[in-house]
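K.L.:
If you read the protein sequences in the order shown, they are chains A and B. As numbered in numbering that gives the first Met the number 0, residues 0 to 323 make up the first sequence, in order. As numbered in numbering that gives the first Met the number 0, residues 0 to 323 make up the second sequence, in order.
What the hints contain is simulated information worked out from the structure, not anything from laboratory work. Bear in mind that the values here come from a model prediction, so they are computed numbers and not experimental data. Errors might be hidden in some of the hints.
A pair holds if it fits inside one copy or across any two, identical chains being indistinguishable in the list.
Derived DSBU-like pairs: lysine-lysine, alpha-carbon spacing no greater than 30 Å straight-line [as the list claims (entries may be wrong)]: (1) Lys312 x Lys149; (2) Lys77 x Lys149; (3) Lys96 x Lys298; (4) Lys298 x Lys103; (5) Lys77 x Lys298; (6) Lys149 x Lys54; (7) Lys312 x Lys54.
Number of protein chains: 2
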Amino acid sequence: MQATLGVDLGGTNLRAGLVDSSGELLAWGMAPLRHRRSPEQFVADMEVLYRSLLKEIEPPLTVTALGLAVPGPLDPVKGEINGAVNLPDWNNIPLVKLAEEALKLPTILVNDGSAFVLGEVTAGVLQGSSNALGLTLGTGVGGGLFLDGKLRTGATGNACEIGHLIVEPGGRLCLCGRRGCLEQYASASAVRRSAIALAEAGELPELLEQVEGNSTNLNTRLVSEAAQNGNSYCRELLAEAGRWLGRGVAQALTILDLDDVVIGGSMARAGELILAPARQSIRQTAFPPRPRLRLVQSKLGDRAAIIGAGSLKLHTDSRLINSD
Amino acid sequence: MQATLGVDLGGTNLRAGLVDSSGELLAWGMAPLRHRRSPEQFVADMEVLYRSLLKEIEPPLTVTALGLAVPGPLDPVKGEINGAVNLPDWNNIPLVKLAEEALKLPTILVNDGSAFVLGEVTAGVLQGSSNALGLTLGTGVGGGLFLDGKLRTGATGNACEIGHLIVEPGGRLCLCGRRGCLEQYASASAVRRSAIALAEAGELPELLEQVEGNSTNLNTRLVSEAAQNGNSYCRELLAEAGRWLGRGVAQALTILDLDDVVIGGSMARAGELILAPARQSIRQTAFPPRPRLRLVQSKLGDRAAIIGAGSLKLHTDSRLINSD
Chain A
0 MQATLGVDLG
10 GTNLRAGLVD
20 SSGELLAWGM
30 APLRHRRSPE
40 QFVADMEVLY
50 RSLLKEIEPP
60 LTVTALGLAV
70 PGPLDPVKGE
80 INGAVNLPDW
90 NNIPLVKLAE
100 EALKLPTILV
110 NDGSAFVLGE
120 VTAGVLQGSS
130 NALGLTLGTG
140 VGGGLFLDGK
150 LRTGATGNAC
160 EIGHLIVEPG
170 GRLCLCGRRG
180 CLEQYASASA
190 VRRSAIALAE
200 AGELPELLEQ
210 VEGNSTNLNT
220 RLVSEAAQNG
230 NSYCRELLAE
240 AGRWLGRGVA
250 QALTILDLDD
260 VVIGGSMARA
270 GELILAPARQ
280 SIRQTAFPPR
290 PRLRLVQSKL
300 GDRAAIIGAG
310 SLKLHTDSRL
320 INSD
Chain B
0 MQATLGVDLG
10 GTNLRAGLVD
20 SSGELLAWGM
30 APLRHRRSPE
40 QFVADMEVLY
50 RSLLKEIEPP
60 LTVTALGLAV
70 PGPLDPVKGE
80 INGAVNLPDW
90 NNIPLVKLAE
100 EALKLPTILV
110 NDGSAFVLGE
120 VTAGVLQGSS
130 NALGLTLGTG
140 VGGGLFLDGK
150 LRTGATGNAC
160 EIGHLIVEPG
170 GRLCLCGRRG
180 CLEQYASASA
190 VRRSAIALAE
200 AGELPELLEQ
210 VEGNSTNLNT
220 RLVSEAAQNG
230 NSYCRELLAE
240 AGRWLGRGVA
250 QALTILDLDD
260 VVIGGSMARA
270 GELILAPARQ
280 SIRQTAFPPR
290 PRLRLVQSKL
300 GDRAAIIGAG
310 SLKLHTDSRL
320 INSD
């Protein structure tokens, strides 16, 4: 049987899976990726993971390609990643070349947000949708576009950098150097920072107790749990993130005219605590109004980008396949 | 020879032309369209214009379709326009049905911004571009998207309502009911309103003299001329509109990842007085940066939307062709 290897290079983990032509995940696994680990180490770890996945499948698979989902900005023609905000030392890294040398598979590079939305329309909660926007709310905010039945990777391979959509002109300073980017309001990091500030102001005593008084150990999982248990400060933190999310999504919908939006990343686990306020914001700011809006939480979670990366070969332009 | 009829239903005029399969305009003309004129009168005037254009061409043409560019929002499946901000009384108007009955041509409805960008990539300043954004700065701000070599009309036929992108949250009240829409900052109407306010504050004595002291007769042509002659207030009015334009365009580029942007409508005649400040704003706010940005002024002017509407039959989904 034929399959492809899909790999997702995240901020803290490396995930890889073997994907069949229908988008089914045959086997998958992950390895920790320490921040600023070198590209060479990443490729070596990816190879180890790949070999171990291959051993799980009987009879042996014929693997035809590697789809590599990475944080942007990237250069899909050169096969390089360059200046990702969360991998700041990875500049002009010829990742496709390194991966092809190590794994001996034709390799396609794609933005991780693109891989996410492709996974969701291939085998996830938006399966079968022809027009979809995907957002991942994690360390940063990533995005991907599936338009008229095709992945929209963009003129330079960097479509849908929606985390850097400016939702609050002159607002919070972003790692990208601009002010007011969506990422500074709706990412897990942003919610965590707000929770820390609130805890240090003495407003979250119960939560602070859970982390033994060390506010820097707060995270969005704890915030979500507290919110679900009725903590009004935590509910408002999530609602605020949701409202900003809605404003950013509404801007994208006004330009793109679509109704299907899927939210992934660690923040998505807050579910309706974020999504309901986001829908409310979209109602107030999208034009024209979107009575058929479907703003939903990812069910595939971490597997979406693996499946999307593994499905790339079927979905992208041939010009995105590095032919060196 | 075969041709199509392209019609542009503008805020103040009706324009129509006969377009061959290469996008060449064989003949065209216009008729005044008084605001709030009825749809029936519009169709009657369109028919008169069509018959007169046909008489200009020897040997006689075989006209195969009508492409009808209209202000949004529209319903391309029902063939209706509904609640256009500048045609407020035209609600649930079955324009395709009316046009097909009168002209006996299969009719396709499209947003005027979409027709504009399609005209520009077919026969205009962006001829040959595969990824382009078009904006028309007139009474309102319209937009159109050409992505991966295809017109992106959107899931509901209303893609790229960029005039209602919110560039200043909580800002100026828009006719659509929202606040801070691009249209309120970068349209010809917005610049005209700012000029009137400035004149009434006594800052534009020379311009006011040209309109015999009646500030409501000021328009963007006079503002542009004064700016070109060095009037610093008028230069700043145009530069301000340009900076807002740039912010809106940058948001779209961050989502879409493209480099070719064409500006039309009456404001575009201000040329670099608007475009240079817009490029500066885009440099500051688009992510990732766009070293290959091509932000240019339309050369086709009023003919772009006619050519685009006339070229629709070759470029759009069959589902957009009304088959009743």
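K.L.:
Would you mind marking each hint as holding or not holding in the structure?
P.N.:
Verification of the hints:
1. Proximity of Lys312 to Lys149 under the C-alpha cut-off of 30 Å is found in both arrangements, the shortest distances being 12 Å within a copy and 21 Å between copies.
2. For the identical chains of this complex, Lys77 and Lys149 are neighbours both inside a copy (22 Å) and across copies (25 Å), given an alpha-carbon limit of 30 Å.
3. Taking the shortest alpha-carbon separations for Lys96 and Lys298, neither the intra-copy value of 33 Å nor the inter-copy value of 44 Å comes in at or below 30 Å.
4. When the C-alpha separation of Lys298 and Lys103 is checked against a cutoff of 30 Å, the pair qualifies neither within a copy, at 32 Å, nor between copies, at 50 Å.
5. Within a single copy, Lys77 and Lys298 get their C-alpha atoms no closer than 33 Å, and across copies no closer than 35 Å, so neither meets the 30 Å cut-off.
6. For the identical chains of this complex, Lys149 and Lys54 are neighbours neither inside a copy (33 Å) nor across copies (44 Å), given an alpha-carbon limit of 30 Å.
7. When the C-alpha separation of Lys312 and Lys54 is checked against a cutoff of 30 Å, the pair qualifies only within one copy, where the shortest distance is 23 Å, while the shortest distance between copies is 53 Å.
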